[in-house]
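Asks: As a plain string of letters, each chain reads:
Number of protein chains: 2
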Amino acid sequence: MRQSQYFLKTSKNTPSDDVSINATLLEQGGFVYKNSAGIYSYLPLGWRVVQKIAHIIREEMDGIGGQEMFMPALHDKHYLKATGRWDVDVVFKVNSGDQKEPQFNISWTHEEIMSEIAARYVSSYRDLPFATYQIQTKFRNEARAKSGLLRGREFMMKDLYSFHRDEEDLNRYYEIVRDAYFKIFKRCDLEALYTLAAGGDFTSNYTHEFQVVCPVGEDTIFVCEKCDYAENKEISKLKKGNPCPKCGGVVYEKKSIEVGNIFRYGTKYSEPFNLQFTDEKGQRKFVQSGAYGIGLGRVMGTVVEVSHDSNGIIWPQSLAPFSVHLVSLEPTSPGVHSEAEGLYSSLQRRGIEVLYDDRDLSAGSKFTDSDLIGIPWRLLVSPKTRKAGKLEVKNRKTGKIELVPADLETVSKLIR
Amino acid sequence: MRQSQYFLKTSKNTPSDDVSINATLLEQGGFVYKNSAGIYSYLPLGWRVVQKIAHIIREEMDGIGGQEMFMPALHDKHYLKATGRWDVDVVFKVNSGDQKEPQFNISWTHEEIMSEIAARYVSSYRDLPFATYQIQTKFRNEARAKSGLLRGREFMMKDLYSFHRDEEDLNRYYEIVRDAYFKIFKRCDLEALYTLAAGGDFTSNYTHEFQVVCPVGEDTIFVCEKCDYAENKEISKLKKGNPCPKCGGVVYEKKSIEVGNIFRYGTKYSEPFNLQFTDEKGQRKFVQSGAYGIGLGRVMGTVVEVSHDSNGIIWPQSLAPFSVHLVSLEPTSPGVHSEAEGLYSSLQRRGIEVLYDDRDLSAGSKFTDSDLIGIPWRLLVSPKTRKAGKLEVKNRKTGKIELVPADLETVSKLIR
Numbered sequence: 581m582r583q584s585q586y587f588l589k590t591s592k593n594t595p596s597d598d599v600s601i602n603a604t605l606l607e608q609g610g611f612v613y614k615n616s617a618g619i620y621s622y623l624p625l626g627w628r629v630v631q632k633i634a635h636i637i638r639e640e641m642d643g644i645g646g647q648e649m650f651m652p653a654l655h656d657k658h659y660l661k662a663t664g665r666w667d668v669d670v671v672f673k674v675n676s677g678d679q680k681e682p683q684f685n686i687s688w689t690h691e692e693i694m695s696e697i698a699a700r701y702v703s704s705y706r707d708l709p710f711a712t713y714q715i716q717t718k719f720r721n722e723a724r725a726k727s728g729l730l731r732g733r734e735f736m737m738k739d740l741y742s743f744h745r746d747e748e749d750l751n752r753y754y755e756i757v758r759d760a761y762f763k764i765f766k767r768c769d770l771e772a773l774y775t776l777a778a779g780g781d782f783t784s785n786y787t788h789e790f791q792v793v794c795p796v797g798e799d800t801i802f803v804c805e806k807c808d809y810a811e812n813k814e815i816s817k818l819k820k821g822n823p824c825p826k827c828g829g830v831v832y833e834k835k836s837i838e839v840g841n842i843f844r845y846g847t848k849y850s851e852p853f854n855l856q857f858t859d860e861k862g863q864r865k866f867v868q869s870g871a872y873g874i875g876l877g878r879v880m881g882t883v884v885e886v887s888h889d890s891n892g893i894i895w896p897q898s899l900a901p902f903s904v905h906l907v908s909l910e911p912t913s914p915g916v917h918s919e920a921e922g923l924y925s926s927l928q929r930r931g932i933e934v935l936y937d938d939r940d941l942s943a944g945s946k947f948t949d950s951d952l953i954g955i956p957w958r959l960l961v962s963p964k965t966r967k968a969g970k971l972e973v974k975n976r977k978t979g980k981i982e983l984v985p986a987d988l989e990t991v992s993k994l995i996r
Numbered sequence: 581m582r583q584s585q586y587f588l589k590t591s592k593n594t595p596s597d598d599v600s601i602n603a604t605l606l607e608q609g610g611f612v613y614k615n616s617a618g619i620y621s622y623l624p625l626g627w628r629v630v631q632k633i634a635h636i637i638r639e640e641m642d643g644i645g646g647q648e649m650f651m652p653a654l655h656d657k658h659y660l661k662a663t664g665r666w667d668v669d670v671v672f673k674v675n676s677g678d679q680k681e682p683q684f685n686i687s688w689t690h691e692e693i694m695s696e697i698a699a700r701y702v703s704s705y706r707d708l709p710f711a712t713y714q715i716q717t718k719f720r721n722e723a724r725a726k727s728g729l730l731r732g733r734e735f736m737m738k739d740l741y742s743f744h745r746d747e748e749d750l751n752r753y754y755e756i757v758r759d760a761y762f763k764i765f766k767r768c769d770l771e772a773l774y775t776l777a778a779g780g781d782f783t784s785n786y787t788h789e790f791q792v793v794c795p796v797g798e799d800t801i802f803v804c805e806k807c808d809y810a811e812n813k814e815i816s817k818l819k820k821g822n823p824c825p826k827c828g829g830v831v832y833e834k835k836s837i838e839v840g841n842i843f844r845y846g847t848k849y850s851e852p853f854n855l856q857f858t859d860e861k862g863q864r865k866f867v868q869s870g871a872y873g874i875g876l877g878r879v880m881g882t883v884v885e886v887s888h889d890s891n892g893i894i895w896p897q898s899l900a901p902f903s904v905h906l907v908s909l910e911p912t913s914p915g916v917h918s919e920a921e922g923l924y925s926s927l928q929r930r931g932i933e934v935l936y937d938d939r940d941l942s943a944g945s946k947f948t949d950s951d952l953i954g955i956p957w958r959l960l961v962s963p964k965t966r967k968a969g970k971l972e973v974k975n976r977k978t979g980k981i982e983l984v985p986a987d988l989e990t991v992s993k994l995i996r
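Residue numbers (this note's numbering), protein chains in the order written: chain A, 581 to 996; chain B, 581 to 996.
No false leads were slipped in.
Identical copies go unnamed one by one, so any copy, or any two together, can satisfy a pair.
In silico BS3-like cross-links for lysine-lysine, where the CA-CA straight-line distance does not exceed 27 Å: (1) K614 - K661; (2) K589 - K848; (3) K589 - K861; (4) K614 - K848; (5) K977 - K766; (6) K865 - K589; (7) K680 - K661; (8) K661 - K848; (9) K680 - K726; (10) K763 - K718.
Think of the hints as simulated: they come from the structure by calculation, not from any bench.
Please take these sequences and the hints and turn them into a complete structure.
Replies: Written as structure tokens, this is what we have:
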């Protein structure tokens with residue numbers, strides 16, 4: 581993509597009422613535009629990052645038998661009324677025409693819808709187990725939506741739902757999802773701790789959260805210094821006991837960001853929607869279900885919080901909007917333009933995603949923009965590199981700059 | 581995908597309050613689930629069709645320089661207030677907490693949001709032209725939402741927006757989009773007529789709609805018998821004159837479904853959001869804009885309306901959820917199971933999308949389901965085909981059934 585034609589402009593402004601690092605860097609870098617508190621547009625550059633996250637999530641969900649579908653955002657009130665959640669205070673209500681009472685809410689969550697659908701199609705033990713997921717928007721009327729993408733009033737979520745004949749099978753799948761989640765966060769370059777937690781408005785069972793240690797996190801967790809044991813401070817209060825990792829290690833209190841969670845519901849959502857099946861003996865039983873969430877925007881915001889420096893974002897290769905930022909300096913200088921153009925075409929032909937800064941600006945502005953946007957590799961073509969018959973390569977993460985032979989093989993190897 | 585493990589069940593029930601062919605066949609075939617009037621869930625089978633449509637649209641939008649982004653669904657009221665559209669009667673309003681007056685609406689359209697964003701980033705003629713698009717949900721409180729996917733209260737739409745320095749450049753791009761739209765509908769196997777139309781709540785300029793002739797359509801158009809001229813009856817009324825194709829041919833009145841539209845706004849949305857640029861002479865001017873929509877669900881519903889028979893849907897290859905429906909009969913009969921399993925693996929290895937009916941059901945139910953779902957090719961493995969050393973292939977569209985050599989080369993060639 582040629583930067584001169586891309587709908588991308590960086591900015592030096594700091595967002596007025598949101599001082600979080602992710603909001604600041606993502607707005608300054610031209611990734612997002614804030615429409616209202618906690619409500620963002622993803623600009624083309626930011627949308628590429630979301631699509632990378634979505635792609636990783638889809639691969640791992642498909643890998644554990646998840647079947648993608650798509651549920652609506654406008655929910656008739658019978659759904660939340662059935663589970664007594666219509667009056668949860670973060671639910672946005674929608675008025676329909678002349679009626680005085682709201683008839684709909686916008687998707688706070690989708691357990692009710694998914695359970696009603698499953699009830700139509702599940703009749704026998706032969707129909708179980710199965711798992712469905714979607715990437716769809718959730719709306720929550722959060723009072724404090726001032727942490728950029730970490731706490732939105734509108735946000736994109738992957739929610740997986742699984743349905744089972746008994747608790748044992750639910751527990752088996754719960755662990756499969758746990759392992760898939762570890763893979764997802766690893767691929768997003770996030771170190772997520774599997775953390776024992778409470779279920780809030782969703783379930784009275786213990787649940788697990790995937791928490792990334794970060795000073796701006798809204799959660800507080802206890803983490804063991806020796807083993808990988810972690811638990812949410814909330815649940816330590818409920819348990820009325822201190823966290824006690826099996827290894828006997830000392831626990832530390834840390835701030836953290838919840839990037840995912842997994843819930844075992846048992847029959848909580850099956851009962852109100854009469855989601856039953858007939859077992860081998862002809863007996864009717866309620867289906868056991870679980871739900872498993874990941875916030876895509878929150879993953880994006882968390883990556884920015886844990887991976888940046890004073891010059892801007894440092895994207896991991898897996899989520900970077902482009903793999904390479906090709907920058908030309910003094911494009912009117914002899915040979916620079918044609919070498920940069922040639923390199924741009926060759927990289928594209930190889931299927932390497934390249935953002936090409938072909939603008940006629942000073943070296944200073946181009947380097948500043950490049951560091952702010954945070955693409956892992958910067959390739960420079962300038963009168964100086966031309967003279968040396970080389971290319972200059974900068975690694976955004978290490979800051980290391982080196983001259984390399986100006987051939988595509990070398991470049992390809994370096995950036996993979 | 582093994583049908584025994586797929587979240588897919590066909591049904592013989594007719595939807596209670598919706599007799600449209602698309603609603604009936606898509607619900608019976610297990611493609612969609614109706615949550616409320618005009619509000620649908622896409623089940624895994626139906627979601628695959630939506631993704632095929634989305635893929636075609638993305639390719640063609642990217643091909644004309646469209647940059648994908650994603651805008652929110654929850655809009656602060658300042659957006660529609662700025663253009664005087666807050667009180668359009670199909671706009672769903674959202675209450676936020678204790679406030680008596682609704683603070684938000686859910687996305688009826690996105691011109692206002694896109695114009696405000698563009699105003700932040702456009703300053704010079706050098707920033708123009710550009711075009712952005714998204715695939716996002718729209719909500720419209722339609723009184724009569726009884727035509728399945730043809731008229732939803734919640735529906736998925738691709739909306740492209742383009743921004744230009746003058747009318748001439750807008751007109752140039754308008755024709756580029758027109759040509760891309762012809763490609764899209766052709767790839768979806770729809771014969772769409774380029775139809776002169778009015779702009780409703782969107783613009784007072786003439787616009788163009790892409791209309792597919794169909795008896796259940798809600799629109800009425802005049803179509804020339806000789807040339808490809810078409811115009812919407814609405815505009816014939818406004819013009820107070822009869823439609824007059826240049827060829828002088830006779831026009832016929834037909835019912836049709838609008839599957840896409842393209843609008844030239846001029847400066848209508850630039851003025852309220854102060855979307856200006858500085859030209860080469862240093863003069864400030866309002867940006868000219870256009871918008872171009874396609875409803876994804878409506879495309880899906882229209883394809884079903886124009887391509888079905890009494891047994892079910894007939895998907896074109898480009899939109900079919902799977903390319904091949906592999907059906908095994910009497911899977912316990914010697915050799916049948918292993919041959920079907922082998923074929924299933926081989927087809928998958930070749931990257932051919934295959935739905936494999938491995939269920940132990942009667943030939944009758946399996947054939948009925950297969951015709952209803954409407955995958956273009958049905959491959960049958962049965963004791964009879966085994967005996968003949970062949971495979972049976974059925975073309976869903978022509979109904980032609982033939983025995984072919986049981987090798988993958990033959991099968992691959994046939995179905996491509």
